[in-house]
Each structure stands twice: as structure tokens, then as C-alpha cells.
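Asker: This is what each chain is made of:
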Amino acid sequence: AMIGSAGVESDSQASPEAAGTRSGGTGTDQGERGVDRLRLWKMMVQLRAYDERATLLQRQGRIGAYPTFWGEEAIQAATALAVRDADWLFLSYRQNAVPVLRGLAPEQAWAYFRGDPHSFFDPSQFRCAPQCVPLATHLPHAVGWAVGRRLQGGDEVAVAFFGDGASSEGDAHEAMNLASVLRAPVVFLCTNNQWAISTPFSRQAAVDHLSTRAAGYGMPGVTVDGYDPMAVFAAVAEAVDRARKGRGPSLVEAWCYRIGPHATADDPSLYRDEAEVALWRQREPIGRFEQHLLDDGLLDTQDITEAHERAASAMRAAGHRLDGMPPPTGEEMTANVLAVPPASWPGSSAPASVTAEP
Amino acid sequence: AMIGSAGVESDSQASPEAAGTRSGGTGTDQGERGVDRLRLWKMMVQLRAYDERATLLQRQGRIGAYPTFWGEEAIQAATALAVRDADWLFLSYRQNAVPVLRGLAPEQAWAYFRGDPHSFFDPSQFRCAPQCVPLATHLPHAVGWAVGRRLQGGDEVAVAFFGDGASSEGDAHEAMNLASVLRAPVVFLCTNNQWAISTPFSRQAAVDHLSTRAAGYGMPGVTVDGYDPMAVFAAVAEAVDRARKGRGPSLVEAWCYRIGPHATADDPSLYRDEAEVALWRQREPIGRFEQHLLDDGLLDTQDITEAHERAASAMRAAGHRLDGMPPPTGEEMTANVLAVPPASWPGSSAPASVTAEP
Amino acid sequence: MAGIVCSGIRDRRAMTTVVAEKGDAESVTLVQAVDAALEAELAADPRVVLLGEDIGRIGGVFRATAGLQVRFGEDRVIDTPACEAGFVGAAVGMCLAGLRPVVELQFDSFSYPAFEQIVCHLARYRWRTAGATEMPAVLRIPYGGGTHAPELHSDSPEALFCHVPGLVVVTPSSPSDAYSMLRWAVRHPDPVIFMEPKRLYRSTRGTLPADPEPEGLPRACVVRPGKDVTIVSYGPSVPTCLEAAHVLAGRGTSAEVLDLRALWPLDEEAILTSVRRTRRCVVVHEAPRSCGVGAEVAAVIAQHAVFSLDGPVVRVAGLDAPFPMFMLESRYLPDPERVVVAVEEALR
Amino acid sequence: MAGIVCSGIRDRRAMTTVVAEKGDAESVTLVQAVDAALEAELAADPRVVLLGEDIGRIGGVFRATAGLQVRFGEDRVIDTPACEAGFVGAAVGMCLAGLRPVVELQFDSFSYPAFEQIVCHLARYRWRTAGATEMPAVLRIPYGGGTHAPELHSDSPEALFCHVPGLVVVTPSSPSDAYSMLRWAVRHPDPVIFMEPKRLYRSTRGTLPADPEPEGLPRACVVRPGKDVTIVSYGPSVPTCLEAAHVLAGRGTSAEVLDLRALWPLDEEAILTSVRRTRRCVVVHEAPRSCGVGAEVAAVIAQHAVFSLDGPVVRVAGLDAPFPMFMLESRYLPDPERVVVAVEEALR
Ligand SMILES: Cc1ncc(C[n+]2csc(CCOP(=O)(O)OP(=O)(O)O)c2C)c(N)n1
Ligand SMILES: Cc1ncc(C[n+]2csc(CCOP(=O)(O)OP(=O)(O)O)c2C)c(N)n1
Ligand SMILES: [Mg+2]
Ligand SMILES: [Mg+2]
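Protein chains in written order, with my numbering: chain A, 1 to 358; chain B, 1 to 358; chain C, 1 to 348; chain D, 1 to 348.
These are calculated hints, taken from the structure and not from any lab test. We treat Cβ as the ideally placed atom computed from N, Cα and C, and that holds for glycine. Some clues are possibly wrong.
Using C-beta positions, here's what the derived DEER-type ranges look like [unchecked claim]:
| id | chain 1 | residue 1 | chain 2 | residue 2 | range |
| --- | --- | --- | --- | --- | --- |
| 1 | B | Ala265 | A | Gly153 | 19 to 29 Å |
| 2 | A | Arg62 | D | Gly67 | 51 to 61 Å |
| 3 | C | Glu74 | A | Met325 | 39 to 49 Å |
| 4 | C | Gly73 | B | Gly297 | 48 to 58 Å |
| 5 | C | Ser254 | A | Ala105 | 52 to 62 Å |
| 6 | C | Glu74 | B | Asp85 | 47 to 57 Å |
| 7 | C | Gly73 | B | Ala65 | 42 to 52 Å |
| 8 | A | Met325 | C | Asp310 | 20 to 30 Å |
| 9 | D | Arg251 | B | Pro327 | 24 to 34 Å |
| 10 | B | Asp323 | C | Pro189 | 49 to 59 Å |
| 11 | B | Asp155 | C | Glu74 | 45 to 55 Å |
| 12 | B | Ser124 | D | Ser330 | 49 to 59 Å |
| 13 | B | Asp85 | A | Ala65 | 48 to 58 Å |
| 14 | D | Pro225 | C | Asp310 | 25 to 35 Å |
With a straight-line Cα cutoff of 25 Å, these simulated DMTMM-like cross-link-like pairs (lysine to aspartate or glutamate) come out [unchecked claim]:
| id | chain 1 | residue 1 | chain 2 | residue 2 |
| --- | --- | --- | --- | --- |
| 15 | B | Lys245 | B | Asp36 |
| 16 | B | Lys245 | C | Glu345 |
| 17 | A | Lys245 | A | Asp155 |
| 18 | B | Lys245 | B | Asp85 |
| 19 | A | Lys245 | D | Asp75 |
| 20 | C | Lys227 | C | Glu344 |
| 21 | C | Lys227 | C | Asp335 |
| 22 | D | Lys227 | D | Glu269 |
| 23 | D | Lys227 | D | Asp75 |
| 24 | A | Lys245 | D | Glu74 |
| 25 | C | Lys227 | C | Glu345 |
| 26 | C | Lys227 | C | Glu337 |
| 27 | B | Lys245 | A | Asp155 |
| 28 | D | Lys227 | D | Glu345 |
| 29 | A | Lys245 | B | Asp208 |
| 30 | D | Lys227 | D | Glu74 |
| 31 | D | Lys227 | D | Glu243 |
| 32 | B | Lys245 | C | Asp335 |
Listing some non-contacts, in silico: residues in chain A with all C-beta distances to chain B over 10 Å [what the hints assert, rightly or not]:
| id | residue |
| --- | --- |
| 33 | Gly61 |
| 34 | Trp70 |
| 35 | Gln108 |
| 36 | Glu169 |
| 37 | Leu210 |
| 38 | Arg213 |
| 39 | Ala275 |
| 40 | Val277 |
Could you build the full structure based on these sequences and the hints that come with them?
Answerer: So, in C-alpha cells, the structure goes:
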């Protein structure tokens, strides 16, 4: 059964700056059930602006193939808001904008998609592991990191994002079992958008919800409406709180739909019905959330228009900064691979360390 | 909750010969709930004799390290009896005697443990895949075989044995999920003997029973008393029947205890309490089953003594045949690796195909 | 080694000048040749089945299986969940059931999660069953760089498979070879790692040879004859070497280009025959240098033709560093210039 | 390359004649040296943690971690479930948290299920984070044959790791090297694949050197000097080569035995210096021949010392076939006789 919004106190220590959004909106929100909804909304707006600009940059050839997350903003923003600033987020490629919520410059995030190593960042600076390409392989990292922090006396929690497709990989199972055996402070957050490239969820697993897997690991499992930021916030906050209190890992499934293509190169019309997509597009999270905020008098339509315009122009500016980023140099191919590189580097056909024959 | 004996018709087509035991016992069993209990008992007795002889052969240095399955006879015999002769069994090292139930000579099975390639056999001859060393890696084989047979119009079922330790491997998860998505006719049979070498089940998983994993794949899961052959028979027969009818895979957990060491080289006193072991040894399946058969008048004590003696002397003879088996030759190192070997074989430093320099 | 007849001398122009319509059997891309070969084998043998991620509805991310599920059904062209170890393991089980599975691993790096199944089972099952069970599976692996792909979508893991006993490793460098070698691979009784140079999927065109009569193992092929130096290469680097040979010809150096095609077993005879004639050798591949196929080629020469050498055996390879983010890939990949420089070193 | 000072000339007798009590620091087995090195590093640095299957209560199936859980607790000596990808991946995460994990993979072949984590993450994480995160993990892998072990317990996968960019691969051949090299590995900032020759765990004894001051990378070491031929080897094959050198000495051939110790990066300088002096070379290892470490050594020589060679570079290696069932392993493993024959071929 799907769970909707439920009340839970956020213990987020994140500063508005950390969210990387400028303040705005006329009303103030003392926090419905402790959630700063305006802040949450602004994070979603920022993600939307980032995503739409990235898609444009790809069309203009300024970046290569890009995996849009249009519609998954509620899951990502609510999760970022539900954790503490010191908690780490372990990301898949579709969460490539999450570090931006924690201060990474959008142009540096986009640089990844133009194949630029200057997109690489220090995870500890944003408490975000780099986006992971091989499905589910970052889940064991979250477990190891969480156990490691606990061993050092920390009380941080790790949240690991993964998809419905990734759930079929052995690493997802090994990570969840290992985490439950070690009672690691980890939240496994599955964005079930019902598609893995062209593979529908019905072909990925023989269950209605992946949260049913949790019981097999002795951990709580819940499915929430991934388009309802308050519901996601509540479920993640509860799981994070549980983990921080030493009561072990949880599995949260955010049920949604991949409204966009798998990536810009993909043509979904080959494998799914546009009518179905249209249905889900109507339910997209931002418009729906804004309606609530309007109803509650926290915003007026002008705030909304302005906020989207502000966010869009900020991203437009970031796009120009991207174009201005210097290209990488050849030396960077071997840079940072090893702390102690062999004398012969850059290797390949270079005989560097080798003295010529007499 | 643990499930005990439950009535189910066996659809086994296996002939007594296939079981490789000579008939014996005074009473006749028209079959309690369709199960030929005398036959089942004789299979267990044969397995016990095989196992105890193998342990002796190891002590005498006639074979190398050997993984005893003492106490797991009920699970293996009941499963072999609950399936049809054409159904395939996918085995782990601890089921090394199961092919013997289907006619493999004990000495050939033992030859494996003296490092003799003459232990290799044709799986189709005994409908048994060779014992698998890397944990859980044979589970995907069972799925592929089952799907393959169905594609060719067969109605055979695959039963895959694995342990509590193996359940933590990614391949176990990938196989169960793949099987459920493809509705493959597979029975996943977990022998949960509560130990993985020195690792207790409590350190292997954070659940009371591994059958709880089944729900996460949309398949039935049940835990039965692994020392009760009738209970194992009932659960396996039901799962096999379901699979054969096209209703997909099942997970059966046979709950027991690894009474012996992991293998002959292992010293369990380093990591577990002998008192606990003693408790479980009292519950061992053969004595218990014989008491039932005595109570029901199917056997008298003399039948029992004679059957064990017969089985023991048959195994003693097999031991002598093992000693008489010719050792492998060096050519066998490259034999059978490839149907089309390169001209240069046996490779290594041999320049065979290469003409000498002028 | 008996083997496929060499598809003959072929230089870069011959590989690229022909331009025609998509699907035209007279002129197809390499990826179309793969599709055509699979279609032919599916039609010829009911035991052939395909499995992998997204190979059905969309015909694979490269469209190498386009149209095959529609024609042969979901039971023979199987879309799997995302579980490489699971479906490669399933392919092993299908072989036990008498099928001939052809598995697509979506990209080079996604063969790594299936590594245990490949090494422990696919490569050893025939041996472990005293030759009673054949493992006629084919693992199709689109590999290599040059496609502006994301991280971990440009690896060249072929040498890893060459080091694993029990696997045959082959790679084509032209549409016609892709077609005949893949049809051969599907019929071959042993497991074949079929490395597909994804950079060449659409960059070159060729013709589909008449139905091959597969036998033996693929042999190396002289794609350009020469007398001053032997350039040994394979797969995606062959066009690069042909271009370098073209440049060298302009400078009066006659370079022979040998396309290995089979990486394991290696056609040692062909390598040694050519090198003993030219007395110079350069080996080119984009995979990392250490313990790569180039090392094996050089070692074979060092053991069996050392007295025939008039110069060092020079390797042009990828770096012993991760394949870079794609803005840098053109610097990582061997290009004609680096090959020319290496040849000059070999001629010193 | 700056590096560990060579632990000096050492021939087989010196490695075996000393016989003493278990645990006696003056004379320990190789497995005791491993245990002692881990104990020293656990005591020296609170960031060091151990994880693997059965390493705690029983101190590992080889007792290489005996007594460590009792002394350092279950939080630092962690028994894991049976999930190699999971706990190697967890080690990557521990590095992100600032720990220095030392992982035991129970046997060589059980590194395969962790292959994706090793190749995609352990080897690339530092690069992927612009050098901001170090991966000071050590993967301890007992490898090789000669122990009458079951199937898939005798593989030698070292060359696979040498071909993977981003990993340092080392292997000791004596108790003293095992001690100093492992202590170095735990302190090294990059991921180290520490291959432990399980055949030598208890067959040889040596002494524990005074606390090493780890720096740089291990270098090759001349374990027996000679002038007529260079025998290059490593790990479990070194005693075999020393025995062969002994036999050859009796026949008037002075063989130099070079123990590589570091398989990646290779100490090319040491190889070339020795071969240019002896002008002959034989490479010995038990791993399969194709694309093995021996191929790399031969290729380095063929590129940089070809004019110094007076004979072919001969490889003595395992077969390109699965490691056999143990009744046949003595025929599979390189023995002194095969090395002697190869040397005679190199001297032809
Ligand atoms: C180990 C591995 N296998 C295959 C791929 C290729 N691949 C990239 S995305 C994808 C689908 C993933 O779907 P899901 O996990 O649901 O995430 P989503 O794309 O929906 O966000 C696949 C199969 C991969 N990245 N890693
Ligand atoms: C992939 C893999 N990793 C590690 C091992 C080493 N190993 C052999 S048996 C064993 C424990 C298995 O326990 P379980 O699955 O419960 O089977 P049991 O021994 O109890 O029958 C381990 C870890 C292995 N065989 N395969
Ligand atoms: Mg998805
Ligand atoms: Mg067990």
C-alpha cells in the first residue's frame, strides 16, 4: 500500500545557503509539521531549472548525452532537506544535480556531460559521492562509509539513491544484507520510476513494490508517492532518524514515473504509450506542490513566476560559465589516478624511466 | 513459522534402481500420503553410509579435504524422491552424494576429493549439474536450464540447492529475481544449517528465516524442518508441482544445523559450543525417521541393522574400487577444455604450432 | 589452424568509399552486419536464443538486434532485468539445456559484474563435465572508445578474457568480417567472447559475404601488404593503422598491416611469418599496455623470431590509466601519428 | 623509482634451513609474517580495519589473522557475510570515510565476484574525485596452486589486476618480504592488490625485519646473482627458480634470479639492467601464459633490450587451460626441471 504525507520533524541542519537558492516568496512558513515548505519548493524549482537548461545545452551541442530527471525533483529535494548537512548522499547518474543543492556550481556538474574531468569534485566538500555509473555498485560504498563513520564515533547517516533497474543487480542485495547484519546507518532510497531504459518495471521484478524486499533483510520498507515532496520527506526523515539512533537501515521506495527519455539519445516512443506518459506528466510534483502553497497562502502566482524566472536565469548564467571553462589538458589523463605514480608515466609507449640501449 | 509434515502426492517417476539401493525391510509401505517411506529411508541410509565412509577415507588419506553432510540426508533424499527422474538438480559441494542417488558410482563421486578429473561426469546422465564451488553461482544456471527446457517444450523442473552463506551472494538474488520475472520452473532449496564455515546465521542475515526473502520476488516461501524427511518431501513436492504447472519458482528453506565440521580440515570447537551441537545431533533425521517406521510396523530393529550394514559394506567396496581407479595422465590437463583446441596445445612453453627460426 | 578464409586485402579506402542506403545488403554498416548475422543464425537454428538488457523492444542501445524480437518472439529474443551475472549465468544453464545463447552485454564495463560467471563457469564447464556438455555461447561486447560516451562506456577488456583459459576471443574490424565471424561464433561449439568495436559500428561500410561455411578458428588477415615493417593490430585500431600505413607509404616506407581477428588463440604463425619477412614490428591497440594483447604478440616474437628482428618491437597502446573523460579520448586513443612515430622508432 | 630496500641476496637454502617454533619472531612462516604485519599496523594506526569471511573467530581459513579480533575487537576485525562484491565495495566506502581497510579474499577465485568493484571503483575512485579521496585499501589474495586444494582454489589472477589501471600489484616470496611489503601496502596511499603465495605460507621460514620505513614502491630484487642468464620470476615460483639455478650451477651455468615483487608497476630498470648483462632471459610463473606477467616482461625486453639479446626470451608458465584437479597440479606447475630446460633453450 502506498503511504502519503505523514508528520515527522525534520532534523535538517542545512543552511539556506547550502541549498544554493536565493530567498524569495512573500509568505513565511513556520513549517508544516516542521518542514520549511518554501525552502523545499525553491530546491525543487532550482532542480527543474537545472534539468531544463541541461536538456537545452545538450540540444545545442554544448554537452553530450544527458539523463534528465524531470519529475523526480520532489524525491531529490525532499531527501536533501530531510538529512543533516553532515550526512552523505550516494548518487546514481540521475541524481547528478543533487550536489548542486549542496553548493556545487551547476556548470561543474554539467561539465561531466561534456566529458570534462574538471567536473570531478571532492565528495567531502558537498557530502555527496560522485554519480555512479555501474548500477547499484555505490550501495556497498554507502554501507562501508556509514560503518566507517560510526567506528570513528560519528552519528552521520548515508542515503543511497538507486533505481528499479538497479534493484535487480547483485550489489543491491549484498549491500542491503550487509547493512542489516552490521546495523549500518543507511537509508536505501529507491526511485522506482517504472522504467530501466526500455524495460518496464513489470519485466524488472515480479512484485508490485520493491519495498516488499525490506522484510527479507529485517528492515522496515515503505513505498511513498514520489511526486509528493511532503510524503518523501516524512518517510526519509523517519528512516534517517531511525538510522541515526542506531536502529539500522531502511528501504524507502519513491513511486513515480520516468516522464522523460532515459537520456537525450533515447526515443521512448519505441517502447511506451505517450498517453500513459501524458497522464503522469499531469501529476508532476512541482505544479502540484505549488497549488498547495497557493491554497495555504504561502505564495501568490507572481512569486511562482518570479522564482522560476530567477532560477532559469541563474542556470542560463551557469551555462555561459560552462562555455568559459578551460578544456582539460593531456596531462590530466594520468593526473590523480595514483598518489604515487610510477616514474614512467604517462605510460603507454613512453620509455621514460627506461634508459636507452647502449 | 516452521511448517512440519503436510500431505502431498509425489509425482516421482524414479525407479528403485535409480535410487541405487537394494530393496529390503520386511514391511511394505503403500505410501503414507503417497510417499514410499521405505524407499526414502533407504536413500537416507545410503547417504549416511556414503558420508561416513568418505570421512574415513579422508582420515586414511585416500581422499583430501571432504565436506561432510552428516545430518542433511533427509533434505537431500526427500528432494531427490519428490522430483521426477527427468528433473535436474543443481548442487553445491555439500550435495556431492546426490548424483549417487541417481546412479553415479560412489567411488567416482569420491574421486573428486582426491583431485581426480575422472570424477567428472555427464550431467545429463544423472540429471545433476556438477557440484558448484563458487557460492550461489549455480542458481542462475538452474534458471537458464529451466527456461531453456520450457522453450523446447519440456515440462521439467530444476531444483537448486544452496546454503545460508550462499544466500548473501549477489547471484542468489539475481537468480531468484530473474526466475520470478521469467516464471521459470525452478525450486530454490536453501539448506539453512545455520553455519557458513565459522560464520553463524545470525551474522549472515538479520532475519529469523530466509524464506522471508521469497515475498520480495513474488514467489511462495516456506521453512520446513530439515530433519523431517516427510516435511521436506511435502514442501518440495508442492513447489515442484507448482513450477511444473507453469506457476513459477518457489523458495523452500530447510532448517537444520551443520552437525559436522565445515570440512574435514575445520575445527568447529574454535567457534561454537559443543553442547549446542550435541543437542542437534540428538535430533538427527535418520534415527528419528526409523523410530516412526518402527512404530508403524514397517520395519523391525533387525531390518535397520541389516540395512545399515548392507549400505556400509557397499560403500566399503566402493572405497576399494576408488583405490583401484587409474590415476589421470598429463594429457588430461588440456583434454575437454575446448571442442576445438588450438594447434599449439598443450600450450604453455610448447612451441608446437610454431615453426623454428631459420 | 584451419580457419575462416581471410576476407582479403582491404585498405581504409576500400572500407569507407562505398556509400549506400541503410540495410542495403550490398553495403551495410558494421552494426547492421551484426544484426544480419544474428538474424541469419536465429533463422537457421531454433536452438539460438538472444538475451540481454533492452535487446527486444528497442533492439539494443546500439540497434544491433533491431527487428529480431518482432520476427522471432519474446521467447527467443529475451529482455532481461539488469543483472549481468544472472543472465550470463542463465546462458550457461541454457547451454546445459542444449541451446545456443547469444548474450549482449550492453557496454564493455558491464561485462565486469559477470566476470565470475565467465571465468568460473562459461570457460570451465565443458572441462568440468569431461567434455559432455558444450558451451556454445557467444558474449557480444561492444567495446572501446571514440564515441563520446560517459565514464565506463569505453573500456577495452579483451586482454582480460585472453588470459582466462577456456574462452575464444575474437574481434572484427569490418562489416564483412563482423558478419562472417559472428555467424561462425554462433556455430562454434566453444564459448566465444565476441568483441565489437563500437566506434566502427557506423563509421565504415562494407558488403555481406555469401553465407560462410564456418569451421576451425578465425585466422589473422593481412589487410595491407608491405615489406619494411609489420603493424599488428585488431578491431577499432585497424583503420588507424591503415591510415598510418598510407602516410608511411607517402614517405617511402612499405608497412604491412596484420589484423589479428582472433586474440585467443593467437595466430602465431601469421605474426611470425610476416615479422620474419619484414624484420620489424609495431603492435597497436587502445587497451592499457601492461599485460595487453600487444605484450603477448611481442612475447611470441621475442621467443620465436628474436634473431629475425632488426629493430625493437614497439607497442602503441592506451595508457595504464583509466580511459579518460571523453574530452580527452582523442589524446588517449592511438592515432595514425603515434603509429607513424612508433614505426620510425622500430625502423631506427 | 624510490622503493623498499631489497631484502638482499637469498637462496633457497637460506629460506628453508632455519627451523623454529611457531610465532618465534626470529623465525616465522610466511603466514605468521602476514599476521604479524597486520597486528603491527592495527596497533600503529586506528584507521586500519580488517574485513572478510571468517577472519575473526577462527582468524581466517589460513589463520593469517589469528588472534587479531580478540586483541582489536569485532569493530576493527570484521567478519562479513559471504558477499565479496559487497565487502570490497564496503572497503571503498570505508576509504571515503578515512579508514584504511585491509580485505581478505578467502581464495584467489573468490576475487572474481568482486571484480566490478575493483575495476570500476577501487581503481578509479581517486581519479574520479580529482585526487581528493585516497583509496588506501589492501586486498589480500591467497593465490596459486600446490596445496591440494579443491577446484577454483588454486588460480593465479595477478595479471588480470596488472592490466587494470589504477591498482598496484605486489607479491612476496619470503616471510621477511611478506612482512615488510604488507606493512608498506597498508601504509601506501593507493589501492594495493597483495597477492599471497599460499603454497609458501608454511613451507618456508624467515625472520621479521626491523620495522620498515615504507616509502615509494617495492622494487625487484636479485635473490641470486649470476652472469649467464636472467631468470625473472615472482611469488610462489621464486623458490622453484632458485632450485633450478642451483641445478644449473652444478652444470656450470651461472643463473641470476630476479624476484619482481612488484608486478605493477614493473621494475623495468632492474629487468633491463640484468638482461643487458646476461644477454639471456627466461620468465617463470604459474599463471596462464597468454597476456600474463611473463608476456609483459618479454615485451619490455623486446622493446628496450632487443639488441642486447643473444637468445630467445623463453617463458615457462601455466597452461592456457583451467588449473587442473590437484592430482595433476604437480605437472601443471613450473618445476625446476622445466626451468632448466627453458634456460638451455635460452642459451642455445
Ligand atoms: C552494471 C550496469 N549494467 C548496465 C548498465 C546500463 N544501464 C544504464 S542505465 C540502465 C537502466 C537503469 O534503470 P534504473 O536503475 O531504473 O534507473 P533509471 O535510469 O530509471 O534512473 C542500464 C541498464 C549500467 N549502467 N550498469
Ligand atoms: C563466491 C565464494 N566465496 C567464498 C567461498 C568460500 N566458502 C566455501 S564454503 C563457504 C561457506 C558457505 O556456507 P553455506 O552457503 O551456508 O553452505 P554450507 O557450507 O553450510 O553447506 C565459503 C564462504 C566460496 N566457495 N565461494
Ligand atoms: Mg528506473
Ligand atoms: Mg550453511
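Asker: Now, for every hint given, state plainly whether the structure supports it.
Answerer: A quick look at each hint next to the structure:
{"no.": "1", "hint": "B/Ala265 - A/Gly153: 19 to 29 Å", "in the structure": "40 Å, violated"}
{"no.": "2", "hint": "A/Arg62 - D/Gly67: 51 to 61 Å", "in the structure": "60 Å, holds"}
{"no.": "3", "hint": "C/Glu74 - A/Met325: 39 to 49 Å", "in the structure": "46 Å, holds"}
{"no.": "4", "hint": "C/Gly73 - B/Gly297: 48 to 58 Å", "in the structure": "57 Å, holds"}
{"no.": "5", "hint": "C/Ser254 - A/Ala105: 52 to 62 Å", "in the structure": "54 Å, holds"}
{"no.": "6", "hint": "C/Glu74 - B/Asp85: 47 to 57 Å", "in the structure": "31 Å, violated"}
{"no.": "7", "hint": "C/Gly73 - B/Ala65: 42 to 52 Å", "in the structure": "48 Å, holds"}
{"no.": "8", "hint": "A/Met325 - C/Asp310: 20 to 30 Å", "in the structure": "49 Å, violated"}
{"no.": "9", "hint": "D/Arg251 - B/Pro327: 24 to 34 Å", "in the structure": "32 Å, holds"}
{"no.": "10", "hint": "B/Asp323 - C/Pro189: 49 to 59 Å", "in the structure": "36 Å, violated"}
{"no.": "11", "hint": "B/Asp155 - C/Glu74: 45 to 55 Å", "in the structure": "20 Å, violated"}
{"no.": "12", "hint": "B/Ser124 - D/Ser330: 49 to 59 Å", "in the structure": "33 Å, violated"}
{"no.": "13", "hint": "B/Asp85 - A/Ala65: 48 to 58 Å", "in the structure": "53 Å, holds"}
{"no.": "14", "hint": "D/Pro225 - C/Asp310: 25 to 35 Å", "in the structure": "32 Å, holds"}
{"no.": "15", "hint": "B/Lys245 - B/Asp36", "in the structure": "23 Å, holds"}
{"no.": "16", "hint": "B/Lys245 - C/Glu345", "in the structure": "69 Å, violated"}
{"no.": "17", "hint": "A/Lys245 - A/Asp155", "in the structure": "8 Å, holds"}
{"no.": "18", "hint": "B/Lys245 - B/Asp85", "in the structure": "17 Å, holds"}
{"no.": "19", "hint": "A/Lys245 - D/Asp75", "in the structure": "18 Å, holds"}
{"no.": "20", "hint": "C/Lys227 - C/Glu344", "in the structure": "14 Å, holds"}
{"no.": "21", "hint": "C/Lys227 - C/Asp335", "in the structure": "22 Å, holds"}
{"no.": "22", "hint": "D/Lys227 - D/Glu269", "in the structure": "17 Å, holds"}
{"no.": "23", "hint": "D/Lys227 - D/Asp75", "in the structure": "52 Å, violated"}
{"no.": "24", "hint": "A/Lys245 - D/Glu74", "in the structure": "20 Å, holds"}
{"no.": "25", "hint": "C/Lys227 - C/Glu345", "in the structure": "16 Å, holds"}
{"no.": "26", "hint": "C/Lys227 - C/Glu337", "in the structure": "20 Å, holds"}
{"no.": "27", "hint": "B/Lys245 - A/Asp155", "in the structure": "52 Å, violated"}
{"no.": "28", "hint": "D/Lys227 - D/Glu345", "in the structure": "16 Å, holds"}
{"no.": "29", "hint": "A/Lys245 - B/Asp208", "in the structure": "23 Å, holds"}
{"no.": "30", "hint": "D/Lys227 - D/Glu74", "in the structure": "52 Å, violated"}
{"no.": "31", "hint": "D/Lys227 - D/Glu243", "in the structure": "17 Å, holds"}
{"no.": "32", "hint": "B/Lys245 - C/Asp335", "in the structure": "59 Å, violated"}
{"no.": "33", "hint": "Gly61", "in the structure": "39 Å, holds"}
{"no.": "34", "hint": "Trp70", "in the structure": "28 Å, holds"}
{"no.": "35", "hint": "Gln108", "in the structure": "34 Å, holds"}
{"no.": "36", "hint": "Glu169", "in the structure": "7 Å, violated"}
{"no.": "37", "hint": "Leu210", "in the structure": "8 Å, violated"}
{"no.": "38", "hint": "Arg213", "in the structure": "4 Å, violated"}
{"no.": "39", "hint": "Ala275", "in the structure": "25 Å, holds"}
{"no.": "40", "hint": "Val277", "in the structure": "23 Å, holds"}
Taken one by one, the earlier hints fail for this structure at numbers 1, 6, 8, 10, 11, 12, 16, 23, 27, 30, 32, 36, 37 and 38, listed in ascending order.
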